[in-house]
Amino acid sequence: MLNRLKLAIAALALSASAALAAKDTITLGMVLEPPNLDPTAGAAAAIDEVVYANIFEGLTRFAPDGSILPALAESWEISDDGKVYTFTLHGGVKFHDGTEMDATDVKFSLDRARAPDSTNAQKALFAGIESVEALDPRTVRVTLKNPDGLFPFKMAWGDAVIVAPESIDKDATHPIGTGPFRFVKWVKGDRVEIEKNPDYWGTPVKLSHATFKFISDPNAAFAAMMAGDVDAFPNFPAPETLEQFKADPRFRVIVGSTEGETILSTNNKAGPLADIRVREAIAHAINRQEIIDGAMFGYGTPIGTHFAPHNPAYVDLRALSKYDPELSKKLLKEAGQEGLRLRLMLPPPTYARRGGEIVASQLRAVGIETEITNLEWAQWLEQVFKGKDYDLTIVSHTEPMDIGIYARPDYYFQYDNPAFRDLMDQLNLATDPTKRAAILGAAQAMIARDYVNGYLFQLAKTGVANAKIRGLWENAPTQANDLTGVYWEE
Amino acid sequence: MRARLPLQLLIGAAIFAAFALAALVSFLWVPHDVTALNIAAKLAPPSREYPLGTDHFGRDMLSMLMVGARTSIAVAILAVGIGMLAGVPLGLWAAARRGSLIDEIIMRGNDLVFAFPSLVIAILITAVFGPSATNAIIAIGIFNIPVFARVSRGAALSLWTRDFIMAARVAGKRAFRISLEHILPNIANVLIVQGTIQFSLGILAEAGLSYVGLGAQPPTPSWGRMLAEAQTMIYTAPRLAILPGLAIVLAVLGLNLMGDGLRDLLDPRLRRARQ
Amino acid sequence: MTAMIEARGLSLAIHGMPILRGVSFALREGETFGLVGESGSGKSMTALSLMRLLPEGAEASGEILLAGRDLMALGEAEMCDLRGREMAMISQEPMTALNPVQTIADQVAETLIVHAAARPREARRIALERLARVGLPPDAIPPDRYPHELSGGQRQRVAIAMAIALRPRLLIADEPTTALDVTTQAQILALLKGLVREEGMGLMLITHDLAVVAGMADRVAVMQEGRIVEEGDTESLFTRMRHPYTRALFEASAHQPERRPTARAEPLLVAEDVVREYRMPGLRLFGPAPRFRAVDHVSFTIHKGESLGLVGESGCGKSTLTRALLGLDPIDGGRIRLGGEEITAGRHMPARLRRRMQVVFQDPYASFDPRWKVGRLVAEPFHLLETPPEDPAARVAEALADVGLPADAADRYIHEFSGGQRQRIAIARALVLKPDLVILDEAVSALDVSIRAQILDLLADLQARLGLAWLFISHDLNVVRAITDRVLVMQAGRIVEEGETERVLTAPEHPYTQTLIKAAPQIPAAWRKALHG
Amino acid sequence: MIRYLARRLLSLALSLIAASIVIFAVIEIIPGDPAAYMLGLNASPEAVAALRDQLGLNGTAFSRYLDWAGGLLQGDFGQSYTYRVPVAELIGERIQVSLPLAAYALVLTVLIAFPVGLIAAARRGRPADWGIMAATQLGIAIPNFWFAMLLVLLFAVKLHWFSAGGFPGWEGGLAAGLKALTLPAIALALPQASILARVMRSSLIDTLHQDYIRTARAKGLTRRQALLRHALRNGLIPVLTIMGLQFSFLLAGAIIIENVFFLPGLGRLIFQAITQRDLIVVEGVVMLLVFAVIVVNFMVDIAYGAADPRLRRRR
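Protein chains in written order, with the numbering used here: chain X, 1 to 490; chain Y, 1 to 275; chain F, 1 to 533; chain R, 1 to 315.
No incorrect hints appear here.
Straight-line C-alpha distance at most 25 Å; calculated DSS-like pairs for lysine-lysine: (1) Lys185(X) to Lys94(X); (2) Lys246(X) to Lys468(X); (3) Lys158(R) to Lys468(X); (4) Lys123(X) to Lys170(X); (5) Lys107(X) to Lys94(X); (6) Lys83(X) to Lys435(X); (7) Lys196(X) to Lys23(X); (8) Lys322(X) to Lys42(Y); (9) Lys170(X) to Lys185(X); (10) Lys42(Y) to Lys461(X); (11) Lys145(X) to Lys107(X); (12) Lys94(X) to Lys206(X); (13) Lys373(F) to Lys173(Y); (14) Lys206(X) to Lys185(X); (15) Lys461(X) to Lys246(X); (16) Lys107(X) to Lys123(X); (17) Lys179(R) to Lys188(X); (18) Lys434(F) to Lys304(F); (19) Lys246(X) to Lys158(R); (20) Lys123(X) to Lys83(X); (21) Lys434(F) to Lys173(Y); (22) Lys123(X) to Lys388(X); (23) Lys170(X) to Lys107(X); (24) Lys185(X) to Lys179(R); (25) Lys196(X) to Lys185(X); (26) Lys42(Y) to Lys246(X); (27) Lys193(F) to Lys518(F).
Don't read these hints as lab results, they were simulated from the structure.
Please build the complete structure, drawing on both the sequences and the hints.
Here it is, written out as structure tokens:
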């Protein structure tokens, strides 16, 4: 019996000592597992949430507040006509497999992304590039077709990270980047592990090892957080439990904003919905605050147009579509559309499934019957996004500064307004901030007055983390879990 | 042993009757309209107005459970219907032509369907053809067919060797008429017992499918979906998760007790002992 | 001699239903005590009461003294110690009495092991010796065989070996040979007789067959409805038979209905070289699987109005032949013609041909659909008529009357009738279309002696009145003697002897028929004469 | 015996082929295009077309079936559309969770069901039997995902005895792996143990009514001895079939439990594959599950032969 006792004490001592040394490993919870780990060949947000700023780096990068910072490019000059960007790169930067990172890699990455057969999800970012020249190992000159003030912003996207020709084919399953963390292993369906990159060119990170754990079931996420299996859950899927975590000293709830404009997308070419009075009637039937309280338990800011409220150029147009059921009934009678029956397609996220039920009951109150169909992402993309075979749907557009989609008539809500396309062209040419803000304001007002969609709310970033963790992003200017600044406070 | 028999049947029948009644009543009258959301009154504790409180959308739990009973019972009973209508004739046909090619094909087909993981295929069907109550009925129904085919074939086979079947053949009747007039009535009690079991399994399967979001779609309430939605609020409002779970358990328990009671009531061994 | 086992005022009720009403008897060392009675008289329950292995809900009272010890007062543990060591039992159904998944040697050795009378190796040696003693020597029947590989007779021998493993003082044999063939029955009874003599055991033999008791028992008791109505040593009981029930029992078992010969020369059913084979589940992967010939070139003729008997032991092919005659199974050779028209298997047998031939089965409880009313059951053959009869109910009532049943029987369900009444309904069903030929497949074997006599009288009367012919299949020579004009003796698929019944049964020519007749137990002629004299 | 084995193997092969045809046909008619899903919301049509070609999604159905079926024979289940790794590798990873989980649950099922079934049969009609029957009724009625939820809340969230889910992998040692599978195994085992206990009880009760039990009692065996030495072995035969069915169900039926405990098992793999329209993975996993069921049935047949001598030589 004695030796068993000794063993027990030893074990206890061992585990205790580990806790004393400052904790430098972290387990992060994520809802969706990335299909692969190559951000330049897939659009799934989950890929960037693992690799952005951790494993891969671009010429520039997003700061936590959304502004653009230099990354692999130390600095850059813009020619007078705004068409030519000359980037000077940091010296002594190596890829995780030891190969040097220099101008040729930048040229390779940009040419590969803009090639005709490229499978890069955001090819539009590179459409403006005329040519890419590697003048010397540390300088790259990029010539644009016409001036584009947003180019550094575009190069900060996850899809524009710099990759090496030697390692590109294996990046999908064994990513090789220049970032402060190196890829360790990926147990499919369970977790991805990364560790500190000892010979990182920039400021060293405080964490030695990080694990991204994939938990899709909200209840499992809640249980994992409470049981301490997961240290932080940046995008926590169950807003209804946040009160619980706020009340518990072990945890901290981090609430911020995202680039996700959550809208009731309306098929502008689907029969009665082509009539603006019907779209306006729908807009007035919506009570935004009730949706935010019911679906997201209060997390989310109402919006009147397709623009992020925390963006300086935001114009508050909620009055145009204020909640007025009587007005919407009058408009429906005018348009001769009493007893309208519409199909409401809902993708998987909770904002859609729960929001959808609330919207359905609000529309029912003004006499519009809706038939709800829950779809998986694959089906939603096929039937709604590509097939445009829908009346209403609810989706959150989480790409930053994406008001430009209203200029594409083939886009799934089929809004075709030449005037709006002119505004977008002017915007591309403008580099002066005040001028850009004015154009953006006019654009926001146009789509609000045309009642193209029902603008609901800006998706909030609701994260939960262990109270002792510091450095996690509050807002989500882009889809990412930047661990570079994260550490345990002891 | 015999004294206990009616008790099991009575309790089971009573429990299940309560649910069936609730489902029927819900067609005519429901305390609160389940389609109208009332976010202001969400998560209200049980009160006179809301006997079982409200859910996270402010809907009355009692009404949700009543209408939910309608979905569960409808899906389960129609699935049993599919199983019986397709399975029993196959079983009888295989038994009538035992040992022949038909028997072999039907039995091999049965084994094949049994070999498929029923839950996985049900999820595939409902996910593929769009989640809805009808698709759930078809998905669950398909896997009832081999069960009834096998049960009816087994029961029929043991009857075919009996003398009164030979007497019927001597009276010039052929396999089809014999199956209809003699075999079917005599295996009816086995089918009833199996029916109640498949009925209860159907309720569990529907709950499972709705739990993963593939059963009846909103605004039709279903116990499985209520359970899934209430899960994350189990700490703040355990009532939301306990009630639907309890409803499922009681409905299935009632049916199984009824099944057991029926089996004892109709079991020939016991019946002869009672004569 | 002190009584080895004695019952005093033994009464028994199961779920309140009285079964035994004050049974008393005594059995001395080395004596064979016969307990005879019809089914339901309580004889098996008496045996189970002695062993105290009664079913649930049974309340027994009275005393059972085994060498002075009252078993009723003993606890379960003490009874377990007695069972198998002091007293043992063998039952009626050899096919299900043995554990199918244990070898016969293990099952016999278990009696010794359970009573810690020997260690396993020693127990096996004794078991082999006991098996040899009951006629299953290890070299002939390997001891590690399983029960399903043995015949009914051999299994009963294993059961006996198990019972006498510890040389008990009393062996209770409850209808030990009822399920066996006549020849096997004779061997088993001889074995039991030998054991009693050599091992000095007391034997309590329970049976419904007076002839078996006459040949075996030193003393006999006759039971009726839970009471012993008469008791005495065998010869005096048989020759005097004071109690009316004993006398009625004796009369019924020897009953000969008077019959007027109605056979006519005109042939009705002619079978020529009929052959029927079964495919055996062979072991060889390729090549034709070996075939078992159940009916081997059988030829015979049934004339109009004739009563033809077919006798043979189980497994001789009787029922296969019956199915072939009824056209239910195809035949592999030869031809069967009914009234000149050829019978072909199952499907394509024309209704007008099938109308001329019907059948009555052995088990009254299995030959009726429990969910049908009697009226509909009897009317089932109407399916063979092109046009349904104008007044079916009347035809059914007439058929029921023919067999002595009231017309209202038609509205009742079959489970409301006794075994005898059910056989009458079966006959009514067979006669409703007035067929020319009725095949009676062991039609009376399942009935008690008294009821059997009534049915035989009914059959004789019907044949006389309706002039129909029948083929009477049975394994019981007395029944065949009572009811048939001519008889065929069948062995292993072949007709070994044919001829006028009285001639065949008194002066058999074929050796197999001779052994058959010798094996059938008979009440000694002297006793029968003494009774009538 | 050889002829029987040959016939059984032939029917096994036929069933597999038939199963593969059925699976391929069912999945062929699925709407939803994996390529579109992979490229996401704002993907351009040419990119989607390029990817479709890359993944070999074009070509006639029949030719694709032949490639797939041909591949199966050499253990090549094809390439996963979403993960872009061989499906066999994915399955290899996931089976390390599903197989031990199914085995663990079956062991628990048997450990609970056998004694309980035995006691219920031995004391049939008496309070113990009554109590057990009521308990098993409840066991069958409780949906296992609800029970799993309650287990997590009690043992993981409140008592911290077990983790709320996830699977550390077997490198961390057998104990760690088993610990992670304990709660899911219990959740799976509860309904199965209740079913098996009831089957065990009714099979034993039927056997106790047989004549050879009375013969054993007449030989002097006590009630318990008769039950253990004779009834048990005969009663086990029908129980074997049910256990065979249960094992194959546990392998595939854990789909919801794996979600609740976020275990990287076959269930979750196929669930994700269905939602992501990763058709090749769906086909591979279903084929594997069907193969497992058929093999398990085959083994149960062989076990029959061992348990019941009557079936042995006659075939």
